[in-house]
Amino acid sequence: MEIKNLLAYERPAQYAGGEMFSVKKPWKETRIKVLLVSPAVYQMGASSLGLGILYHIINSRPDSLCERAFMPEPDMREAILSGKEKFLSLESGRSPRDFDLIGITLPAKGCFFDIPGLFALMGIPVSGRDESYPVITAGGPGVSNFVPVEGFFDAFIVGDGEEVIGKMLDEALSSSGRGSLKRALADIEGVYVGGISGSVKKVFCQLKNDYYPLKPVIPNIRTLQDRLDIEVMRGCPNNCRFCEAKRFYSPLRVRPAEDLEKIIISSLENTGWKGLSLSSLSTPQHPRIGEVVDSVIPLLRKKGISLQIPSLRPERKSLECVMKILPLNQVNLTFAPETFSPRMQEIIGKTTPLDEFEKMMAEIKSAGFRDVKIYLMLGLPGESDADMDENIKAVKRIRKTGLKVTLTLSPFVPAAHTPFERVTLWDRGEMEEKLKRFKMELRGVDLRHPSLEDALLESALARGDARLGAILLDLPAVFTDSSADKIRILDEAGLDSV
Numbered sequence: 004m005e006i007k008n009l010l011a012y013e014r015p016a017q018y019a020g021g022e023m024f025s026v027k028k029p030w031k032e033t034r035i036k037v038l039l040v041s042p043a044v045y046q047m048g049a050s051s052l053g054l055g056i057l058y059h060i061i062n063s064r065p066d067s068l069c070e071r072a073f074m075p076e077p078d079m080r081e082a083i084l085s086g087k088e089k090f091l092s093l094e095s096g097r098s099p100r101d102f103d104l105i106g107i108t109l110p111a112k113g114c115f116f117d118i119p120g121l122f123a124l125m126g127i128p129v130s131g132r133d134e135s136y137p138v139i140t141a142g143g144p145g146v147s148n149f150v151p152v153e154g155f156f157d158a159f160i161v162g163d164g165e166e167v168i169g170k171m172l173d174e175a176l177s178s179s180g181r182g183s184l185k186r187a188l189a190d191i192e193g194v195y196v197g198g199i200s201g202s203v204k205k206v207f208c209q210l211k212n213d214y215y216p217l218k219p220v221i222p223n224i225r226t227l228q229d230r231l232d233i234e235v236m237r238g239c240p241n242n243c244r245f246c247e248a249k250r251f252y253s254p255l256r257v258r259p260a261e262d263l264e265k266i267i268i269s270s271l272e273n274t275g276w277k278g279l280s281l282s283s284l285s286t287p288q289h290p291r292i293g294e295v296v297d298s299v300i301p302l303l304r305k306k307g308i309s310l311q312i313p314s315l316r317p318e319r320k321s322l323e324c325v326m327k328i329l330p331l332n333q334v335n336l337t338f339a340p341e342t343f344s345p346r347m348q349e350i351i352g353k354t355t356p357l358d359e360f361e362k363m364m365a366e367i368k369s370a371g372f373r374d375v376k377i378y379l380m381l382g383l384p385g386e387s388d389a390d391m392d393e394n395i396k397a398v399k400r401i402r403k404t405g406l407k408v409t410l411t412l413s414p415f416v417p418a419a420h421t422p423f424e425r426v427t428l429w430d431r432g433e434m435e436e437k438l439k440r441f442k443m444e445l446r447g448v449d450l451r452h453p454s455l456e457d458a459l460l461e462s463a464l465a466r467g468d469a470r471l472g473a474i475l476l477d478l479p480a481v482f483t484d485s486s487a488d489k490i491r492i493l494d495e496a497g498l499d500s501v
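In this text, residue positions in the sequence shown follow the numbering used here: the first is 4, and each later residue adds one.
Simulated DEER-style distance windows between Cβ atoms:
#1 384 - 440: 17 to 25 Å
#2 358 - 430: 33 to 41 Å
#3 432 - 405: 33 to 41 Å
#4 440 - 374: 18 to 26 Å
#5 192 - 297: 37 to 45 Å
#6 447 - 28: 54 to 62 Å
Straight line, CA to CA, 25 Å or less: simulated BS3-like cross-link-like pairs of lysine-lysine:
#7 277 - 327
#8 376 - 439
#9 327 - 362
Note that these hints are calculated values from the structure, not bench results.
Where a beta carbon is used, it is the ideal one built from N, C-alpha and C, also for glycine.
Could you build all of it, start to finish, from the sequences and the hints given here?
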């Protein structure tokens, strides 16, 4: 089966399949068929490292095959829902119903509103599925609180999926049907099956080289992350009390420097990428990141490859990393101290001494940088006017170094599984008043802030319960990126988004 009129749709190459290093196995020669589905459009989801790792692991087994599908663009969605086209896998053009297992990756809770529409596109009912349907699973950071979408899925992988997926495939080989497989999956540590499992314990694995795809799929179109992404460690050595990612990805596992060097060199030689990103929750804190960067810089220079190191903490290790990669490419400096108030730093568990940070900024200016982006949180638990004064004074001091400051003020959003999960958001009036004060005090600073609706929605989804789940189950195939629209849906259903 194939798309009938491919060239009629926006960015048609995203539906064509056949990418370099994609895997198309003979359908009849494998016993277990798995479809990995991303709720993101191809341009955003095709470069997902997590999806790529599972795709590699499953297709490495001779008894299994894995294919992919992504959320279609609006014009294709309309065609599918009207019956003009079908939702198909990229590799063989198969319907989702042809597979034994469907794995939907949930990179964040923000995609929960897309789940009803995704099921409609796949032609799969959200409930009442009989033995003719695949077992549908979900995994990824979005399942740290899966209660709001529990009614959609047969099972959830909570934690790392690299080893769990192998156990799931083994059970699928010996199961006699959908019901049998669900009961078997419930016995796997790290898997939760609704109506069978009493509870679930998060699982983690070591970062083995065998799990890493040295020949990642090269997307057919330019993606938002148009570079090679290498995970240098998983977890975080810090203990910021507001951070859910720290809890979800723990414990800390560091990929050895020797393994990193081999993975980087092999992957770059295989793919021809002109950009490299060394990613983790806090890359500069990898104990041997300096050695890794030094070892690959000659290759990067020779091939004209840029290097990015995201997640810069406001500390000296970050500055050292930046100085190493400065000769390779223009570096955009972004730091997230969250607050400069010593009192609030102690409360949230993230310390950034202002004197030290100011000295770093002066060194950055001396090195030739002109701009710096700084992220602060607004509305932290217990934050007072005096704490905000500390932030305003700090930004003024940083400006005196001569750097052009772009300041982003993000509303604090309490996250599940953190000490602050029960904290109430500031109301709109308070938030707008505080933002107005920052704008008056920091004239000349490029000040940005997400909408309050984004924060309200994030809070509702992060801490949602079965009441939110009931709303989502009744939701028709609605596709909107507007937080205000989603908040209105919750309000009309009588759910407090705060």
